[in-house]
Amino acid sequence: MSGGLWLYAFVDDVVLVGHDLGLGLAGEPLRLVAPAGLRAVVGALPGAPPAPTPAALREHDAAVRRLEGLAGAVLPARFGQVAADEAALAERIGPRVDALRRALDLVRGREQMTLRLFGPLEATGALPAADDPGDTGLGPGARYLARRRAALGVPEAAGLLEALGARVRATRVERPAAGAGELLASVYHLVDRGAADGYRAQVEALAPGLAPRRVRVSGPWPAYAFAGEAP
Amino acid sequence: MSAVGPPGDLPDFDEVVGRDALLERADTSLLELVDHVLDKGAVIEGELLLGLADVDLIYVRLSALVCAAERVLDRPSRPPGDAP
Chain G
1 MSGGLWLYAF VDDVVLVGHD LGLGLAGEPL RLVAPAGLRA VVGALPGAPP APTPAALREH
61 DAAVRRLEGL AGAVLPARFG QVAADEAALA ERIGPRVDAL RRALDLVRGR EQMTLRLFGP
121 LEATGALPAA DDPGDTGLGP GARYLARRRA ALGVPEAAGL LEALGARVRA TRVERPAAGA
181 GELLASVYHL VDRGAADGYR AQVEALAPGL APRRVRVSGP WPAYAFAGEA P
Chain B
232 MSAVGPPGDL PDFDEVVGRD ALLERADTSL LELVDHVLDK GAVIEGELLL GLADVDLIYV
292 RLSALVCAAE RVLDRPSRPP GDAP
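These protein sequence lines map, in sequence, to chains G and B.
Sequential numbering from 1 applies to the first sequence in the numbering used here.
Sequential numbering from 232 applies to the second sequence in the numbering used here.
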């Protein structure tokens, strides 16, 4: 009994048409389909969808990574995207075709680097509190806007991010929810394919200057963080 | 481990992430894997295997574990940069 179609990625500029796409996380052969005018890589599950174990996550990621050698634009799917068949897949993505095309344009020829900024919570510097006049001299409205800007940017690593700016084509920033320990922010950078080594070398050279905060870099990744709409 | 059914049938946190193994290895690669593969990426309409709130919970707990592991083991986690 088929478990449906497991989605691995949307792709464009497929440079090796007809090339073997390899196997998916359930050992199923991957194939190229064309839902709603886009192109997607899917695998027909032999049974129930796999659980999100670490091994399954790695297999999904490995399958997506293999596609980067075969297509100019690879937009990874989140683990767990399953449709009953091609028609169901086309129906589900229909309302989002334009957004998916824009995302494919954004990630074409690019890959993702990820920065994690860690540090003692007391070292972040207090943002103006809504009910604390502080020394800023800002009114309540201006303080709110300052907090929003600070939340969207990463003032704790402003120098590093500015230095990386020439390598970066797009950015996403996330602040963790409470309880995430000393993780202050996650910064996702879209860079040109092949730029990862230079990016990492620059981060490692500048990291000591962030003390007492620490930065960890990983990548390159497929462009997972750029598959949704820009904030 | 059996496959996950509807969103209400969730895997046990320890089954999924192996808390003890994570602490022993101080392995940030699992955290990166969860954040990228399970919490990001294109989504199609319909049910997800895990609700977003559940993914956030796993990620938050993993983040705290990784930070705690670094302190307990008094050493940084595995060198960054390499994807799993």
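These are computed hints drawn from the structure, not numbers from a lab.
Just so we're clear, the structure is a prediction, and the values are computed from it rather than from any experiment.
Any given hint could be a false lead.
[Said to hold, decoys possible] One side of the interface only, derived from the structure: several residues of chain G facing chain B at Cβ under 8 Å:
| hint | residue |
| --- | --- |
| 1 | 77 |
| 2 | 81 |
| 3 | 83 |
| 4 | 225 |
All C-beta atoms, glycine included, are put in the ideal place defined by N, C-alpha and C.
Starting from the hint list further up, note which numbers the structure goes against and sort them upward.
-> none
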